[in-house]
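Take these sequences, add in the hints, and give me the full structure.
Chain by chain, the residues:
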Amino acid sequence: MNTMDYRLPPVFRGSNYAAAPGSWAMPLWNVAALRAVADGTGIKTAVLDTGGDIRHPDLANRIVKSKDFTGSRGGPNDDRNQHGTHCLGTVGAANPDIGVSQGCDLYCGKVLGDSGSGADSSIAGGIDWAAAEGCEVISMSLGGGYSPTIEAACNRASAAGIWVIVAAGNSGSGGVDYPGQLRSCISVAAIDRTFRVANFSSRGDKLDCSGPGVDIISCKPGGGYQSMSGTSMATPFIAGLMTLLRAAMKKQNALIGTEELRALLGSRTVDLGTAGDDNDYGPGWCSPLMLAIGLTPPPAPIAI
Amino acid sequence: MITARRMPLARWLVSPFALLLGGLLTAGEPDFFAHYAGTIPGQPAKVSRLDGASDGADKIKVDAFGVFTAKGHDKVRWKVEPVYELAKDSKGEPYLKFGDLDVLTLKKPASIPQREGLKLVDVEAYSAVVWGKQPGKVKLIALAVVDGWPEEIETIALEVLGEVLPPVDPDKPVDPVPTGSLYFAIVRKTGPITADVEKCLKLEAWTEVRAKGHKVRDLMINQVPVKDGKTIPGLNPPCLLVLKTDGKTSALVGPVRSMPANDAEVKALLEIKP
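Read top to bottom, the protein sequences are chains L and Y.
Its first residue numbered 352, the first sequence is counted upward by one per residue in the working numbering.
Its first residue numbered 398, the second sequence is counted upward by one per residue in the working numbering.
Please note: incorrect hints may appear among the correct ones.
Claimed, not checked - Cut-off 30 Å, straight-line C-alpha distance, at most; resulting in silico cross-link-like pairs (DSS-like, lysine-lysine):
1. Lys586/Y <-> Lys599/Y
2. Lys602/L <-> Lys627/Y
3. Lys601/L <-> Lys596/Y
None of these hints come from the bench; they were simulated from the model.
See the structure below:
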């Protein structure tokens, strides 16, 4: 069993808040445009991370199942690292100013220990567990070196039609981490509130979209909220959007696989930086409004 | 001890005074049974088809009609009820076969009601015109008075023939291109959405356009569906196509237009008639 440091620690831990001040990303990104189409109901979304505090008021009724793959004493809902609780909150906190999707069922897999490290077998086990539980979207704010075990698990999930959303990494120009580089995963870069790429966000030609990853406010274990920065924060935001998108597509019986999703993101994101797909932003920022507009079926063939 | 004796309540209720009062109070109410007075007892009730349908006595097509009559009674009322999909027993046999309506062998209530498929019009006292509205099966029931009581004198199974539509999902968007509405397609270059197209799509006035029942979306130029491989003259993205569509084929409404740059230009599109 290989034990590797797959954690992507937040590059910045900001202020703590007793009451939720609301994430800047929700209104600025117009998440409401996609929520108006679907709220994620009927979709199970898994967050594989350092666990999640199920006692947090915003998560208490949102996490439907948890499992620990690390053998920690506290179990899957003892998140001493705080990273997983933050990510869970961004995907689906009950507070709509914090969580993207209020309709989905959250699954919490603790695949990283309290130190933030995890074995590749734990991560692969978490992916397989999420797939077996019927999760359709998996959010993984983790990364590291190449692991055939994790690749195989990601490939299995993708082959089953599951969308695996993975952080690009926080190494700046150091390149996109694994498993973000895999074709079976959607990799996410981080941008700030001015739509500029964060300096820590990993660059490379294997970027599929950009999400808000600077100064993101979400749940803190024990109650309250805190801000963090990193591609780890952009990833659950995109996973939340993909949950909404998947729910909308499911209504239309128009589900697509990972490659089609990558193509969709390539065409429905808003171009940032250098024209076209680039190494900083990938295709661009993942706009909920554009995704919502794209759900309108194309017109019937035009007769000239 | 002398006490005043009062008439018991039961005696009040059957007293001539109470009966007279009750009769007066109910005199204005419609008497359902009165319509069926004059039943001819002893004659077999029979529902028959008057319009010489070629589909069979128990079948009508969607958007067609059949005339049904029940002879043997001078006054007949009609009603329709949906037929239910029947639960099956351990051998896979339905608990109640369709048509065995007088045999009460239904062990388990049906779980999935089918949609009512008929519109029923009483034309005379003893006949009815039924319109096939949606495919499916329904019961057509003739009601008459037998020995002073309303009774289902005849029940026939009617099948409305036609394409069976999937169950209606209230959450599913309605017809993607409603007839009579327009489809505004903002055609852009292939690839991510550029800033100018994004600005256009974010214009508030599109909300008003959508509220009128029109469809709006952007299309990459390679996504524009054109019949027979022809090209649309003047199609140079970013631009706007206004389409009228019946769901199977679309037709251009006017020439290729420039992409709206502000809310006023979007609102001006509402002047275009489908």
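Okay, the hints, checked on the actual structure:
1. Lys586/Y <-> Lys599/Y: holds, 18 Å
2. Lys602/L <-> Lys627/Y: Given that 30 Å is the threshold and the Cα spacing comes to 33 Å, the pair is violated.
3. Lys601/L <-> Lys596/Y: Status holds; Cα separation ~29 Å.
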